[in-house]
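One-letter residues, chain by chain:
2 protein chains.
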Amino acid sequence: MAMKHNLKVESVLLPQGMQVDSRARQFSVRADEPKELGGTDTGPNPVELLLCALGACQCLTARFVARMKRMDLQEYRVELEGELDMEGFLKADGSIRPGLQAIRVRTYVKSAHPPEEVKALLAEVEKRCPVGDSILHGVPIEMSHEIVSP
Amino acid sequence: MAMKHNLKVESVLLPQGMQVDSRARQFSVRADEPKELGGTDTGPNPVELLLCALGACQCLTARFVARMKRMDLQEYRVELEGELDMEGFLKADGSIRPGLQAIRVRTYVKSAHPPEEVKALLAEVEKRCPVGDSILHGVPIEMSHEIVSP
Chain A
17 MAMKHNLKVE
27 SVLLPQGMQV
37 DSRARQFSVR
47 ADEPKELGGT
57 DTGPNPVELL
67 LCALGACQCL
77 TARFVARMKR
87 MDLQEYRVEL
97 EGELDMEGFL
107 KADGSIRPGL
117 QAIRVRTYVK
127 SAHPPEEVKA
137 LLAEVEKRCP
147 VGDSILHGVP
157 IEMSHEIVSP
Chain B
17 MAMKHNLKVE
27 SVLLPQGMQV
37 DSRARQFSVR
47 ADEPKELGGT
57 DTGPNPVELL
67 LCALGACQCL
77 TARFVARMKR
87 MDLQEYRVEL
97 EGELDMEGFL
107 KADGSIRPGL
117 QAIRVRTYVK
127 SAHPPEEVKA
137 LLAEVEKRCP
147 VGDSILHGVP
157 IEMSHEIVSP
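Read top to bottom, the protein sequences are chains A and B. Note that the first sequence covers residues 17 to 166 in the working numbering. Note that the second sequence covers residues 17 to 166 in the working numbering.
Derived from the structure by calculation, the hints contain no laboratory data. Among the hints, a few may not be true.
Same chains, same label: a pair holds when it works inside one copy or across any pair of copies.
[Said to hold, decoys possible] Within a straight-line C-alpha distance of at most 30 Å, the following computed BS3-like cross-link-like pairs (lysine-lysine) qualify: (1) LYS107 / LYS126; (2) LYS135 / LYS85; (3) LYS126 / LYS51; (4) LYS20 / LYS126; (5) LYS143 / LYS126; (6) LYS143 / LYS24; (7) LYS51 / LYS107.
Go ahead and model the full structure; you've got the sequences and the hints to work with.
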């Protein structure tokens with residue numbers, strides 16, 4: 017298995033509204049905004065998708081670590097809450113950030129293993145989770161564009 | 017419209033495999049891993065979901081800014097590429113980060129407006145995009161847990 021991966025996604029804004037279809041390999045993910053933000057509410061909004069990515073990554077990292085440690089997880093569930101101040105997005109004057117101000121992650125684990133072993137697993141998840149590390153420490157983003165006239 | 021939002025998501029690891037279902041309001045998002053990573057390939061992996069969130073947010077921020085500036089976007093499409101070194105996840109010794117090392121975002125715009133106006137729109141998108149700001153600058157993550165014995 018190659019260690020270095022380039023993951024690729026394409027997102028397309030559908031005509032007129034707030035619907036976006038993103039494609040990752042054979043999968044398609046719809047995003048939209050609720051009606052009160054001008055959308056048609058046919059999918060989670062992008063910030064909710066970001067939290068889905070983090071929750072999913074916490075769970076899959078836990079599965080990976082549990083297999084490695086030969087631990088059984090009877091239940092593994094993550095509740096995530098993201099704090100967003102829309103004023104940062106709307107004003108965009110730099111006084112309030114447009115992104116999330118904080119994320120709270122609460123993990124519920126049911127396991128027959130002693131709590132100390134479960135805590136050690138949780139510490140591994142926190143350290144290894146790729147999406148968690150990306151969001152907590154940030155990632156350099158390089159932007160480029162191509163503009164075409166009709 | 018309230019300015020401060022708490023967005024909530026719940027992610028549940030399904031029994032045995034690498035499938036995770038995340039719920040945001042009425043929406044459900046499946047994540048999985050490809051077979052070579054031990055999954056069943058029924059959905060994008062979490063890092064692909066992170067890129068979907070970023071691509072969708074770029075597109076929706078563009079729609080919002082275009083409406084504000086009364087600009088018409090005939091096409092708006094974003095290609096994203098994320099660089100991941102799986103060794104960071106597997107070794108977890110701190111020498112290589114487990115998260116993305118870089119993200120490249122290439123935006124394709126077709127618009128009847130002069131290129132300078134489109135460039136000004138792109139600059140606004142870069143400044144305002146909530147997911148972009150979250151990933152570029154990072155977000156504090158507060159972790160807590162509850163461990164239950166069966």
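Okay, the hints, checked on the actual structure:
Only between protomers do LYS107 and LYS126 lie at most 30 Å apart by alpha-carbon distance; the minimum there is 26 Å, versus 44 Å within a single protomer. Taking identical chains as interchangeable, the C-alpha atoms of LYS135 and LYS85 lie at most 30 Å apart only when both belong to the same chain, with a minimum of 13 Å there against 51 Å between chains. In this homomeric assembly, LYS126 and LYS51 come within 30 Å of each other (Cα to Cα) only across copies, at 26 Å, whereas the closest approach inside a single copy is 38 Å. With identical chains, the CA atoms of LYS20 and LYS126 are never at most 30 Å apart, being 34 Å at best within one copy and 33 Å at best between copies.
Within a single copy, LYS143 and LYS126 get their C-alpha atoms as close as 21 Å, which meets the 30 Å cut-off; across copies the closest is 42 Å, which misses it. When the C-alpha separation of LYS143 and LYS24 is checked against a cutoff of 30 Å, the pair qualifies both within a copy, at 24 Å, and between copies, at 23 Å. Taking the shortest alpha-carbon separations for LYS51 and LYS107, only the intra-copy value of 21 Å comes in at or below 30 Å, while the best inter-copy value is 45 Å.
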